[in-house]
Each structure stands twice: as structure tokens, then as C-alpha cells.
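Enquirer: Heads up: the sequence lines are chains A and B, in that order. Position 302 of the first sequence, counted from 1, bears residue number 302 in this note's numbering, the numbering being contiguous throughout. Position 356 of the second sequence, counted from 1, bears residue number 356 in this note's numbering, the numbering being contiguous throughout.
Mixed in with the good hints there might be a few duds.
In silico EDC-like links for lysine to aspartate or glutamate, alpha-carbon gap of 20 angstroms or less [what the hints assert, rightly or not]:
{"no.": "1", "chain 1": "B", "residue 1": "Lys148", "chain 2": "A", "residue 2": "Asp9"}
{"no.": "2", "chain 1": "A", "residue 1": "Lys477", "chain 2": "A", "residue 2": "Asp509"}
{"no.": "3", "chain 1": "A", "residue 1": "Lys477", "chain 2": "A", "residue 2": "Asp379"}
{"no.": "4", "chain 1": "B", "residue 1": "Lys148", "chain 2": "A", "residue 2": "Glu13"}
{"no.": "5", "chain 1": "A", "residue 1": "Lys382", "chain 2": "A", "residue 2": "Asp509"}
{"no.": "6", "chain 1": "A", "residue 1": "Lys171", "chain 2": "A", "residue 2": "Asp268"}
Think of the hints as simulated: they come from the structure by calculation, not from any bench.
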Amino acid sequence: MRRPLTLKDHHHEQRIFSFRLLVSAILVTLLTVGLVGRMAWLQIFQHSRYTTLSDENRVQTQAVPPPRGLITDRNGEILAANRPDFTVEVIVEQIPDLQRTLREIHQLVPLESDDIERFNKRLQGPRRPWDPIPLRGRLSEEEIARITVNQHRLPGVRVAANPVRHYPHGKLFSHVLGYVNRLNTEDLDAMTLTEQGDYAGTHYYGRTGVERYYENRLHGQVGYRQVETNARGRILRVLEQKPPVPGENLRLTLDMDVQRAADEALGDRRGAVVAIDPRDGSVLAFVSRPVFDPNLFVNGISHQDYARYREDLDNPLFNRALQGRYPPGSTVKPFIGLAGLDAGVTDWQRTIFDPGYYQLEDNPHRYRDWKRWGHGHVDLNKAVVQSCDTYFYDLGFKLGIARMHDFLSDFSLGQPTGIDLFNESSGLLPSKEWKRAARGATWYHGDTINASIGQGFMLATPLQLATATAILAHHGKQVTPTLAADALRVPPRPDINLNKPANWQRMEDTMAEVVHGDRGTARVMAEGAPYRMGAKTGTSQVFSVGQEETYNEDELAERLLDHALIIAFAPVEEPAIAVAVLVENGRHGGSTAGPVARQVMDAWLLNDAGELAVPPPLNRTPQTQTAGTTAPGGTP
Amino acid sequence: MSVREYQRQMPLDGGLGTKLSSRLHLDAPLLAALLLLVLGGLSVLYSAGGGDLNLVVRQAIRLGAGFLILLVLAQIPPRSYRFWTPVIYGLGLVLLALVVLVGTEAKGATRWLTLPGIGRFQPAELMKLAVPAMVAWFFSERNLPPTKLDVLAALGLIFLPAIMIAVQPDLGTSILIAAAGLVVLFMAGLSWRLISLAVLVLVVAAPLMYFFVLHDYQRSRVDTFLNPEADPRGAGWNIIQSKTAIGSGGVTGKGWLDGTQSRLDFLPESSTDFILAVLGEEFGLIGFVLLISIYLVIVGRGFFISWQAQETFSRLLAAALTMTFFIYIFVNVGMVSGLLPVVGVPLPLVSYGGTSIVTLMASFGMLMSIHTHRRLMTY
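Take the sequences, apply the hints, and build the full model.
Expert: Next up, the structure:
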């Protein structure tokens, strides 16, 4: 060791150093105490706070949506089901250059501007990081394959299978089943907090028809599952779960064969068919044409498809059976006749002379019969069978609008039938009070005369006509058309008791003559029928013809032609089906609507061999009316 | 526990350990504490790495190499260190200058020299040892306490390399190196008046530094430190997740391999700079107190060695190396627990990573050399 050049005071240096070492040791001790204190603060005093944070990090509560209930017809044929839809989804957090990835996906699976728009909306809205965002659904097998093959160069892109509502019979049931589509924020805003909780995780919401009306029963109850995820959102294990309660499967009263018969019989014509079993209120067929494809709506209909439906003059989105209001025309005559009989204004023997028109005593106006030269001497039977207008002008005038209104009300005209569908139209059963309130005008005799042949102000839906026919066919026993097979709805009115109950059968026999009589207006229907049926034809005027003008069908544009109507029931002895058919601009009730009604009744009453085999009614317990959902929803 | 006490515990026939350790110039208590620390550290690393045994093996190999370096450096007597110190310091300055001129750039900083055939090398790491050694050498030639001129010269020796490193930029290392040099100055008997003055200047200079000297990324680290919740998913993420890991560990911890924060990847850098959070989460406050106790044994032994050292150079160097070691611990724990801003300082001998292990093991080798090359003499 080298000797120091200067004299060093080793002792002094050692003392200074030792003191500094002591100071350092004290400093180290204090700082260590500080560190331990800090850790103790975090681990003892803040422990519960950080435990919560740590659990929030890793434990996620996920709502597990219940599978939506299936809908079947009365024989178990599936009308609405759930099937997997393959969707390409994107986890944005795993993608370095989103625009580039989207371009690459576009080359594999063509994206439309609608898809991009929806995607951007989801991307910018509130969402959890690492949650996959759906980009495009309805992938074909080939498209799935293209994505899968290129998976390795598309990190963060994946194909997922989600359950999607599917209507296997497509357009056949569109107006009665309605459809579901994506649950949106407006739907959620309209719900109570409990309901919102129940819809956590649910993607679809019943929008129209049965899907809407029985939303609560079909939806089921949400389940929960607590999962542990890592920082990248990957689920590592399930900690706890409560499975969802699946939605109820709903069996409807509809009969697939009857529905199909009605649909095919109408063909490409615009119109509606409603068939009801008067014994139990079952709705056997519920058709409105033209139709739309409910499957297009499920995942959000494209602008293009929607525009096509909206701009179609035939208005395929309009539910004619439920909401179409048409003048019932001559189909109302059996009911007016019964009203006249019950009020004692007429009887089966009374005749009038029909010169081809009806005239009030102090008025020159002539109310014309459809037969220019008149029917001659006419009694009630002939008036119904040949649909004599003049007889009913006279009868209606004598009956008066008040009695007419009250009697027809009991047949569900002018008020909702109470079917388990929302947004049912009430039709219109005019009265003096109604005219004063709605039009601010006084009631004229002419109004009564028009009403007595189902024209003028009077309007009814095909559903109302079918219901009225069912009540008539069941001798006044009230019937509420019901779609759900498990609940017969209690009718809103008491049964109709006629002063002479025999008049029911007499009127039914008269209506049978409309079909089976030589001069009946619906005699085309009778051909080859192995059972007896009753019917009443009608034409409802779209275009009012002036007093002295001649009515020339050829000159009228097709859309201004009269609507063809018929109401029918069968078998006459013990009716098991009541039908109302409307063919827009079909002109003649007997020849146009009649065969449609016949095919519908055949589908229900005949077996495969063409023999009469009336299916038994459903065994249902009457229930007070409880709607599936409390408030009626929007229309399409 | 002193050496003598330690020897008294040994069997009379001259325990193999005593003989072997003195012949190999190793300090048994320090070595034992280091081994304990390293073994504990490896078990935490196993958990922090998600059960990756390869990671543990690689770290064990590095540590083994570190112990080898320790063993080699312990054989070199302190006077050789003293003799070579100016040369190594000078070489270090040249290398730092070369870094500025031909250094390799990575992540926006130029810190490395690429040696053909050997690989990348960080001259700043060398200076962690060379700077305190140089200041100790400087004072060992002079009378203590130092004159103002000596202090000025010593500050020059400290801040010349510190500034060269700061401009790389590597402010963290620069501050740690300066701190190591300043510890020597303090140990040498720097007057309390000057110390107070320095503290005052620091307090005034800190905000000015913040606004005029720091880079944007450094400023944002300070901002994050002051308010991590401002950007919880971005800059604040590390510190929030780290505090969450520690806090949720509680007193007893969640258990080895059961820390959800690290195992589920919520905690970033869990095997390197933030490994303490893993320990805190899995072993709780008890685990931390055990760790800090081992560290204190090492630091205490270091102080004891410097107290027993027989001449100024050894004494100052031993004290400086020991204090530097503690500063690393303090800065890392402070940073992980949210007391200090996030700077890239690993937890000594526990964090995964190579360079710091080599430097630390070298410094413990020098400490052992100082202790085992004393001449037998009594006061």
C-alpha cells in the first residue's frame, strides 16, 4: 500500500466516517420504515378497496339470454324457430390497422354500406373493450370458409354462431306471426328497470303479430354467469352460473293446412281470409295478401328491401285481415234480417214488391237495387238468397239506425273482436251519436238506408266478419277469436238471445240456400261438396256510381272495381268453421270469393280421402283476457 | 453478527465452511443472505412468468454467472481496484463518448455500443461502479473532510459522466450514478451546510427541470405519478394495476401462483420492474417484510464491511456500493407502490434481466474483497 503524501489524521477520518455511516444507517432505517408503512397502508387499510378493484378486473358478470320459445301450429308444425346464424365479428383491440383489416374482410366477404354504418355505430357507442363487434351476418358456407382459411392473417377477426329467429314457412304466416327484430335503445327506454334486467343480453324483440303479443311468454327469463377473464377479455373459467329459463313454446290454434289452402286459394290477388272454429274460438287461418318475408326483418332489413315493400302499391306490409276496413256490403244482410225479425219489424211471411229501386215517401231520390229491373215480390228468404237490396232498404228504414247499431254490436261489429293481436281495427258501426261527434252532421234517412246493405259509413275488417259469422253459426253464443291454443278467451259480451230462437236455424237454412239453392248467389260453391254450408256474398263499393250513370266495369280502372266478399260456415247442421273472405277489386262475391271460402272449408272439414271428417274442438279452459304484454307496440 | 461471532459458532476443528470461505475470499453471511434472496426471487419469478420454467432457468444461469463474477472479483485485492480505478473511469468516459458518436439506437435512445462478435454493451452500466470508485479514489488521496475545491472537483468527476448519460437519454441511470457518487461525497464528510444548500437547490430546481429540461415522455411519467387515474387505461394502467395487486394481497397474500392480477395479465412488466407487485399480491405484507429483512441484512452487512475497512478508498467504496444497492431497492419499491414516479429501475437480484445482475454481483464481489483482504491488526 502506497504511503499517503500528506499526513493523514486517520483517527479523525475514521470518526467522521463512522458518524456518517451511522447517519446513513439511520436514514436507511427511516426509509425502510417508510416503505413498510406504505405497503401496510395498501395491504391493510386499503385492502378491501383493492380487493374489489382486483375482482372487478377479473370477474365479469355476463347475462345469458334465454332461448326464445318456439311457435307451432295446432298440430306441432314449427312456425318460428331459432337457428344459428354465422356472423363475422371483429375484436377491435386486437387489430393494428382497422381500415386495412376491413378492406381485407371486404375482399373475402362483400360488405355493404349498411353493414359498415351499423358497425361504426356499435364501435363509437358505449361498449366494453375486447368485446367482439358484429360486422356482417348471414354468412354463406362459402363465406365462412373464406374467412376461416384466411384466419391467420386476420387477427381479431372471427366467425361466431348466434341464435337467430327463423320462420321456416317464410311468407305463409307473416301477417299473423309478425316478426322479431333487433332490440333497440328505444325498446329498453320504454321498459321498467326489472324488465331491462330481464332483457340484458337479449338481441331480439317481438315487433308485430303473435311475436309481439306474446313477447313476455316467448322471451323467458335471463340467466347469469360469472366468469373469470384475463386482461385480454378471454374467459378462463366460469365461477358461478344461473341458467336462463327458456321462453315458453307457444302452440297456436292455426292449422297449417287450412292456412296454406287459404293462401293458395287467394293466390296473387290482394285480399284476406280469416277462418274461425265457432266451437272454441280457434283461429284456423289468418291470411292477408300480398305478404312480406319476415326473415328479412330479423337482423335489420336492408334499405333496399324496405323501400321495395314501402313503395309497392299493393302495400304488402299492411295487415288487411286485422286492420283493413271495408264496407261489408251484402254480407251484413243476414244480421240485419235477424235484427228485423227480433224487433218484430218483419217476419218470414212478409213480402214487398221490388221495382228495382226504393224510394222514400217525400223524396224523389231512388235507392237502386243491383238488379235494374227488380226482383218483383220478395220475402226475407228470397231477399237473402238473391241478395235483394230493395227489401233491406225497406227493412233497414223501418228498423232504424239505433236498433240496427245495437243488434250488430253484439256480433262484434264496430268494436275489436279481442283477438290476441295488437292494433286491431274496430271497423265502424255508424250511429246518430257517432255521426254528430265525428262528422258534426245530423243523421239522414239515406244514411240508414245505405247502412242496411252494408254500405255508406259502415266498415268492417275481415276478422270481424269471420267472428260475426261464427257467432251467428253458433246461435248467438259469443266467441272470441284466439290464437294461443292453451287459453280460450272469455268473450267481452253476453250471448245473444233472440225472442224466437228458432230464427237462428231458419236464417242458417236460408244462408244454406244461398249456396245450395238454384238461384243462390254463391251456388258455384256447392259443386261436389260432401257437406252442406251456409254463406252470404257481398260486393263492397270502392267507387260510388252517380244517380243516373250506367255502371260499366270495363271502363273502371282495376283498382276501382268493387271488392268481392263472402262469409260462410259449415257444416250447416253443426258448424265447425266460419270463414270470411275478401278479394280486393274481385267484383263478384259469389264467383270470386266463394271458391276461396270453399277451399278453406274443405281443408278443415275433409280428410285426405275427401270425406267429411270434422276435427274435434280444442279442450280449452276459458280465461279472462290477459295480454302477453301490457302496452301495444308499434306497427311495421 | 460479526465475523468473530460467526467463527465462534463454527465447530472447533475448524469448520470446512470457515476455511473454504476465507480461502476463497468470500464473506459467508453476505453470501448466505444473497443466496436466500436469489432463491426467494426465483420462486416469485416462476409465478410472475406464468409458470414458465424456461424463464426461471435462464435467470438462474444469469445468477450463476453473476456468482462466478462475484467469486472472481473477490480474489482481486482492494489495492488493485484502487490502482486501476482511474484507468477504468477514463475508459468509461471514452466509451460514453463513443456512444454519442457511434452508439446503437433502440427505442428512441442511444445507449449501446455494438462490439463485433460479442454483442451489445451499455457503458453506463460500467459507470455505476466506476463513478463511486473514482470519487473514493479521489478522496483517498486527500485529507478529509474535503475542502470546497475538492468538493468542486469531485462534483466534476460525478457529473461529467452523469450528464453524458442523461443526454442519451437515460435520466434514470444518470440519477442513480450521480447518487452513487454523491454518497461517497457524503461519506467523505461533506459539510452539513453544503448538504442543506444542495437539498434547497434541488427543491427549487425540480419544477424548473420539469418544465425546461425533461423530455415529453419523462414529463408524462411524472404527470401519471401525480394523477394515475387521469388515464386509467393508458399511462396510468401500470401503476393502478400494481397498487391493485399489492393492496388485494392483504397481510397474508393470495398464495403462491394464485395472484390473479399477474396470472391474468392485468399487471404489466410483472416479471421485470413490477415483480414486487407479484410478491405483494401472492405473499402479502408478510412476504414483503421478509424480503425487506433480507435486503436489510445485506445492507447492514455492507455497512459493517465498510465500517471494518481499513483505509479510505475501501471504506468509501464499500459504503457507496451498499447505499447504491439500498437506493435501488427504495426506488423500485417506491415506484411499484406508487410513492415515486415510474422509472425503469429493477428490484435488485429479483427482477428478471441480465445487466443489473452482473453489476450488482460485481459490487458484492468487491465488497467481499474489501472484507477478506484486511491485514490482521488491532486498534
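Enquirer: Which numbered hints turn out to be false for this structure?
Expert: 3
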